[in-house]
Amino acid sequence: RSPYTRRGQASVSYAQSLLGAPETQLTALDNGLRVASEDTGHATCTVGLWIGAGSRYENERNNGTGFFLEHMAFKGTKKHTQTALEQQVESMGAHLSAYTSREHTAYYMKTLAKDLPKAVELLSEVVQSCSLNEAEIEQQRGVVLRELEEVESNLQEVCLDLLHATAYQGTPLGQSVMGPSSTASVIKSGLNLTRQDLVEYINIHYKAPRMVLAAAGGVNHEELVGLAKSHMSGVSFEYEGDVVPVLSPCRFTGSDIRMRDDALPLAHVAIAVEGASASSPDIVPLMVANAVIGSYDLTYGGGKHLSSRLARIAVEDKLCHSFQAFSSSYSDTGLLGIYFVSDKHHIDDMMHWSQNAWMNLCTTVTESDVARGRNALKASLVGQLNGTTPICDEIGRHVLNYGRRVPLAEWNARIDAVTPSVLRDVCSKYIYDKCPAVVGVGPIEQLTDYNRIRSAMYWLRF
Amino acid sequence: MMSTVTRPGVILPYYRATRNTFKSLVFPGAMELFTVAGKAELLIYQCCLSFLFPAPAGTRLAHTDIKIPDFSDYRRPEVLDPRKSSQDSSDTRKAFSYMLTGATAVVGVYAAKTVVTQFVTSMSASADVLALSKIEIKLSDIPEGKNMTFKWRGKPLFVRHRTEKEISTEEAVNIGELRDPQHDKERVINPKWVVVIGVCTHLGCVPIANAGDFGGYYCPCHGSHYDASGRIRRGPAPLNLEVPYYEFLDDNTLVVG
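Chains Z and F, in that order, are what the protein sequence lines are. Under full-length UniProt numbering, think of the first position of the first sequence as 1, with each following residue one higher. Under full-length UniProt numbering, think of the first position of the second sequence as 1, with each following residue one higher.
Incorrect hints may have been included.
Ranges between beta-carbon positions, derived for each pair [stated by the list, open to error]: (1) F/Thr101 with Z/Ala379: 41 to 47 Å; (2) F/Ser72 with Z/Gly32: 34 to 40 Å; (3) F/Met123 with Z/His352: 40 to 46 Å; (4) Z/Glu410 with F/Ala112: 54 to 60 Å.
With a Cα cut of at most 25 Å, we get these calculated DSS-like pairs of lysine-lysine [as the list claims (entries may be wrong)]: (5) F/Lys94 with Z/Lys429; (6) Z/Lys434 with F/Lys84; (7) F/Lys138 with F/Lys151.
No wet-lab data here; the hints were simulated from the structure. No experiment lies behind these values; they were computed from the predicted model shown. Yeah, the Cβ is synthetic: ideal placement off N, Cα and C, and Gly gets one too.
Can you make the complete structure from the sequences, with help from the hints?
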């Protein structure tokens, strides 16, 4: 075929190119700790420990422990003091970070590929033999409280935290990762954390079968396994009294919570229904559905020519400052929702059109919308993996959630299987005529009454 | 649906203003707090209290301190257990709610229909009027040859028990001679009984029974003569006496109207 008639055709299709992607290798040690890595050939690497522990494993008494522990992690180990640890890390030119979420905790380091052995050694120390000295604990209380205070002004975080609190009320998933202020408080009210609580938490949750040593970058899997064997074989895999903490299902309650404050300039509103768990087959159609609704904020240049219907309406009537369709999934449940920020005179309209977008998905979504959603989702899945750290994070989370890394080729195949009728069926299953959880923060007088929101979850015409 | 309404306490504006002093509360060495003068002191005391007694009403320190109340008293039994997914029971709960709503709607429609029909039918004839609309007459009270008058619908009603002679006379009349030709058979169900309205068709006077030249009725106002069948025979009246709707319930009872 003449090259002139092949304009716009790549030499290799996207699907074909995915098949040639580097494979993620997975090995398990004797004590159950899993080691997974992807050799991308970069000169740098990210290596870390992903642990299956989070605020969901805490109870009312010790909520906030995981978060506090994350603060304590880099404040010295039995072998290195805080200064010595910091010096070791900085002399490598590495970055040491951590995060805690509801079901996962991660400690990871970004460093040069050749410094992998040192990195694994430091990480294993941080996780296994954290010093947790009392003076440091006292100081970190103030830091945690200050962080709590700071997050109060991040209304998106507040809104989504409250969404979990109300949707999963009475269950561990409803708890915030940071915990209440009483946990970190100085005042010994019986509710605040002590060193004993932290030690207990580590003993109960930091067990080898729940940990994954993940790495991405210029790493060699065999080398990594060897390092893991030498540093992490000591991680315990037995529970005291054989009491294995088992996650019970968390009940979702259709409910709402309204934090009205007319002094704030913008209203932050979120509405969510119970979605699919991470391992459910429905997760892909729901991700495509979210891609159909898409996201928007004032900085988007497309104006009223944006492809998402909701975005077009939002722009034309100036309904919101931003919105995004989100999907949080946990091991056995999830939240599927829309979050938007608008001024106080357009909340009702924005809520109406958001629910209209949902109804459209459940009833009359077209092939062109679904094709657009599929492509957008594929692009975002690939686009997210732009660096060793996102790749390593994905490896860690996937191994914890699914027991393996789900390759892009598989995501591709599952996305391609989503047709309009599949999308309609799946969306109807999760969205149509279900009780949502609603949160409003800010000047929300105009936020629609819950009964009307509930009525908009189905169409009489259908 | 359960909803919680919370407002940041009144303290919030002051909280922002006294940021620095508030922070010192949480660090070790909080002893020097109470020497701070002025408004701040009172507010910090309130803050202090709220640390000692977590989650007092109206003031809170972080959104993570908000406790969602326990709504177990209001929950349906299927969703009381927080460790059971609510998805399984979702269909039955919805079905129950919708059935209840549907049943109420049907009952409501019937109630509305009843009320509307009651208002609309109130415009039709009232009971006293309807009561007057029919009259029941015991025929055994009327001897042969006699004409009895009853008040019916505001008008006089003549019920005449005819003799055999009167019957045969009336049946033998040549219809061609009549101003308003009607055979006797057309005017009676049972020839023994004649039921007519006693209003003269001329100008509305009441004819006298067993008077006139034809053995029937005579109207004294302008001299109209009616026969024993109530037909006009002589005089100014144009039509026969009106025969109302009547029926015989049994041999002894006549119902007119």
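Okay, the hints, checked on the actual structure:
1. F/Thr101 with Z/Ala379: 41 to 47 Å: Given a distance of about 45 Å, which is inside 41 to 47 Å, the answer is holds.
2. F/Ser72 with Z/Gly32: 34 to 40 Å: With Cβ atoms ~39 Å apart, the hint holds.
3. F/Met123 with Z/His352: 40 to 46 Å: holds (44 Å)
4. Z/Glu410 with F/Ala112: 54 to 60 Å: holds (59 Å)
5. F/Lys94 with Z/Lys429: Holds, at roughly 14 Å.
6. Z/Lys434 with F/Lys84: Judged against 25 Å, a Cα distance of about 17 Å means the pair holds.
7. F/Lys138 with F/Lys151: Between F/Lys138 and F/Lys151 the Cα gap is close to 14 Å, so the pair holds against 25 Å.
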